[in-house]
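Knowing the structure of chain A, use the given hints to seat chain B with the ligands on it.
Protein chains: 2
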Amino acid sequence: MLTGGIEAGGTKFVCAVGKGSGEIIDKVTFPTTTPDETLRRVRDYFSEFSIRAIGIGSFGPVDLDKKSTSYGTILHTPKQQWRQFDLLTAMKEYVQVPLFLDTDVNAAALGEYKYGVAQKDQSCLYITVGTGIGAGFVKDGVTYQGKSHPEMGHIMIQKHTDDYFAGICPSHGACLEGLASGPAIEKRYGKKAELLASHKEVWELEAFYLAQAIINYTLVLSPERVIIGGGVMKQHELYQRIRNYFSQLMNNYVELGNLEDFITAPTLSDEQGIKGAIALTYME
Amino acid sequence: MLTGGIEAGGTKFVCAVGKGSGEIIDKVTFPTTTPDETLRRVRDYFSEFSIRAIGIGSFGPVDLDKKSTSYGTILHTPKQQWRQFDLLTAMKEYVQVPLFLDTDVNAAALGEYKYGVAQKDQSCLYITVGTGIGAGFVKDGVTYQGKSHPEMGHIMIQKHTDDYFAGICPSHGACLEGLASGPAIEKRYGKKAELLASHKEVWELEAFYLAQAIINYTLVLSPERVIIGGGVMKQHELYQRIRNYFSQLMNNYVELGNLEDFITAPTLSDEQGIKGAIALTYME
Ligand SMILES: Nc1ncnc2c1ncn2[C@@H]1O[C@H](COP(=O)(O)OP(=O)(O)O)[C@@H](O)[C@H]1O
Ligand SMILES: Nc1ncnc2c1ncn2[C@@H]1O[C@H](COP(=O)(O)OP(=O)(O)O)[C@@H](O)[C@H]1O
Ligand SMILES: [Zn+2]
Ligand SMILES: [Zn+2]
Numbered sequence: 001m002l003t004g005g006i007e008a009g010g011t012k013f014v015c016a017v018g019k020g021s022g023e024i025i026d027k028v029t030f031p032t033t034t035p036d037e038t039l040r041r042v043r044d045y046f047s048e049f050s051i052r053a054i055g056i057g058s059f060g061p062v063d064l065d066k067k068s069t070s071y072g073t074i075l076h077t078p079k080q081q082w083r084q085f086d087l088l089t090a091m092k093e094y095v096q097v098p099l100f101l102d103t104d105v106n107a108a109a110l111g112e113y114k115y116g117v118a119q120k121d122q123s124c125l126y127i128t129v130g131t132g133i134g135a136g137f138v139k140d141g142v143t144y145q146g147k148s149h150p151e152m153g154h155i156m157i158q159k160h161t162d163d164y165f166a167g168i169c170p171s172h173g174a175c176l177e178g179l180a181s182g183p184a185i186e187k188r189y190g191k192k193a194e195l196l197a198s199h200k201e202v203w204e205l206e207a208f209y210l211a212q213a214i215i216n217y218t219l220v221l222s223p224e225r226v227i228i229g230g231g232v233m234k235q236h237e238l239y240q241r242i243r244n245y246f247s248q249l250m251n252n253y254v255e256l257g258n259l260e261d262f263i264t265a266p267t268l269s270d271e272q273g274i275k276g277a278i279a280l281t282y283m284e
Numbered sequence: 001m002l003t004g005g006i007e008a009g010g011t012k013f014v015c016a017v018g019k020g021s022g023e024i025i026d027k028v029t030f031p032t033t034t035p036d037e038t039l040r041r042v043r044d045y046f047s048e049f050s051i052r053a054i055g056i057g058s059f060g061p062v063d064l065d066k067k068s069t070s071y072g073t074i075l076h077t078p079k080q081q082w083r084q085f086d087l088l089t090a091m092k093e094y095v096q097v098p099l100f101l102d103t104d105v106n107a108a109a110l111g112e113y114k115y116g117v118a119q120k121d122q123s124c125l126y127i128t129v130g131t132g133i134g135a136g137f138v139k140d141g142v143t144y145q146g147k148s149h150p151e152m153g154h155i156m157i158q159k160h161t162d163d164y165f166a167g168i169c170p171s172h173g174a175c176l177e178g179l180a181s182g183p184a185i186e187k188r189y190g191k192k193a194e195l196l197a198s199h200k201e202v203w204e205l206e207a208f209y210l211a212q213a214i215i216n217y218t219l220v221l222s223p224e225r226v227i228i229g230g231g232v233m234k235q236h237e238l239y240q241r242i243r244n245y246f247s248q249l250m251n252n253y254v255e256l257g258n259l260e261d262f263i264t265a266p267t268l269s270d271e272q273g274i275k276g277a278i279a280l281t282y283m284e
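Chains as they are written, first to last, in our numbering: chain A, 1 to 284; chain B, 1 to 284.
This is chain A alone, in the form it adopts within the complex (with noise of 0.2 Å):
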């Protein structure tokens, strides 16, 4: 029987179907309006099909905290309409199969870790840079949760001596998101990151906040690997840049094996969001 998937984000919606191989039978995209406009265009799609449950990785942050009588409800974005949206229980009335609640990020990790470049590790830590900064963690084909759920994109690092910048996090200034998401470079350099590329300097201080990030996450988390997706990661220079930062700053203080294969690109064409929310209904 057929799976449906929902990758939930704020600027757009991706509805697909698919199947627990991993192959996706069909897909739409449309952009995230109003809660009831785009829930109804959620409705309407997954009316065509017969589907057994549907996995969601939503934006956020989420509350996944299943003890919380907010269970479900998107928390503090900026987007005001769905700021305190109670996602999952409005799902419900639109829809009336089992539904699968979690990250984007927990999602997109899940998706490399069950049809791409993870396949064969126990465990992989999924990282998107992008406007913001965010990752999620699979372990034994399990997604890691908390208490809620983490927030690995404001972790605090080591600011270069060099960068006079104040970060740009309403919460924090200058952590991790506040340094190095793709709104930071661009109030940083006063130009978008994508007109940036010719800038070595970028990309050399973008790596060094990103390894000091994947330092940290190893050290916490020991995964067995480590992918970076996200619009800023479109500059591909960037990967080995961050390899190199990684090695001199963790100094082999811990045996990784082969960098290049330890921090790697998604594998899965930006499908792993989508992939990911349709392994959701098929976890532990």
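It is possible that some hints are incorrect.
Repeated chains share a single entry, so a pair holds when one copy, or any two copies, can fit it.
Simulated crosslink set (BS3-like; lysine-lysine; CA at most 27 Å straight-line) [to be verified]:
1) K66 - K120
2) K67 - K120
3) K200 - K27
4) K66 - K92
5) K200 - K159
6) K92 - K79
7) K159 - K187
8) K27 - K191
9) K187 - K12
10) K12 - K67
11) K120 - K187
12) K67 - K187
13) K19 - K79
14) K92 - K12
15) K12 - K79
16) K27 - K12
Everything labelled a hint here was simulated from the structure, so no lab data went into it.
Below, chain B with the ligands alone, put in the same frame as chain A:
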């Protein structure tokens, strides 16, 4: 039936015999000398009891990757005679009961989780700040382990702009352990940490670093509770200073309830490690 526990430290070994309830029947402490002499004392001690298993919370780093050929081996410790010593294989020759090996900090976390301050929590992080800095994590009754065990003490954090100390970590210089361990304090101020009690600035800076570390661990693992122990935390005023910095730097980004409950001292009077070692044999 009784169970054995070993808190295997670089300075001393604690061996004890106890029950699943957390009750300790008998306990002995002796200095860590050569591996052979030390393990003989371990064998002699346990030979007087009829025990079903022994749990070992070991100093390290120790290889805990069950797929590794050096599983159970102490890795790059400063203690020459113990470097590359295959603790688990050697122990098997000295005692004939099943052995359960984990890190000292994971054992301490498990001790507080089962018998101490975190008894009602689903997860807890235990940090020790002493000669080194390390942390262990328990979730749903199981100690956390990745590819190998975490090395959380060596994460990168933001250096204080007034701190010109280069850090003392042989691998990373100014990582957390390099900046905030007991020996780091001693090196920075030219005096043992225990003799600096009246110097407020010492504990302000220490709290600034430890708060950042707890922020990072919290954003990655999302634990229900964070327990901090170790020699340096004998400066009890540190707890409130850490909470203050944590609150200021985290800026309510994650909902954690009362910080007095979230960031606490251990409650097992230095027996968290040995009780946790015994508890390792009951895990899962
Ligand atoms: N080719 C590129 N090089 C560098 N940065 C890029 C590139 N393309 C997009 N970005 C940056 O990535 C961010 C958008 O990230 P993306 O992952 O596409 O979206 P989102 O995070 O909103 O899902 C923007 O800040 C943009 O400037
Ligand atoms: N009362 C104290 N105040 C501050 N620091 C202390 C105190 N007692 C011990 N220390 C420091 O703690 C470190 C030893 O930590 P401890 O946890 O006792 O041992 P270990 O980490 O070797 O197991 C030393 O660096 C010592 O200076
Ligand atoms: Zn932030
Ligand atoms: Zn270090």
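A quick look at each hint next to the structure:
1. K66 - K120: Answer is between: at 16 Å across copies they meet the 27 Å cutoff, but 30 Å inside does not.
2. K67 - K120: Close across copies (14 Å), not inside one copy (33 Å); limit 27 Å.
3. K200 - K27: neither (38 Å within a copy, 61 Å between copies)
4. K66 - K92: Within one copy, since 16 Å is at most 27 Å while 43 Å is not.
5. K200 - K159: both (18 Å within a copy, 26 Å between copies)
6. K92 - K79: within (22 Å within a copy, 59 Å between copies)
7. K159 - K187: For K159 and K187, the Cα distance is within 27 Å both inside one copy (16 Å) and across copies (23 Å).
8. K27 - K191: Neither way: K27 and K191 sit 34 Å apart in one copy and 66 Å across, limit 27 Å.
9. K187 - K12: So K187 and K12 pass the 27 Å test inside one copy only (24 Å; across, 54 Å).
10. K12 - K67: neither (29 Å within a copy, 42 Å between copies)
11. K120 - K187: So K120 and K187 fail the 27 Å test inside a copy (39 Å) and across (45 Å) alike.
12. K67 - K187: So K67 and K187 fail the 27 Å test inside a copy (39 Å) and across (46 Å) alike.
13. K19 - K79: neither (32 Å within a copy, 54 Å between copies)
14. K92 - K12: Classified as within; 20 Å inside a copy, 58 Å across copies.
15. K12 - K79: within (12 Å within a copy, 56 Å between copies)
16. K27 - K12: Intra 13 Å, inter 62 Å, cutoff 27 Å: intra-copy only.
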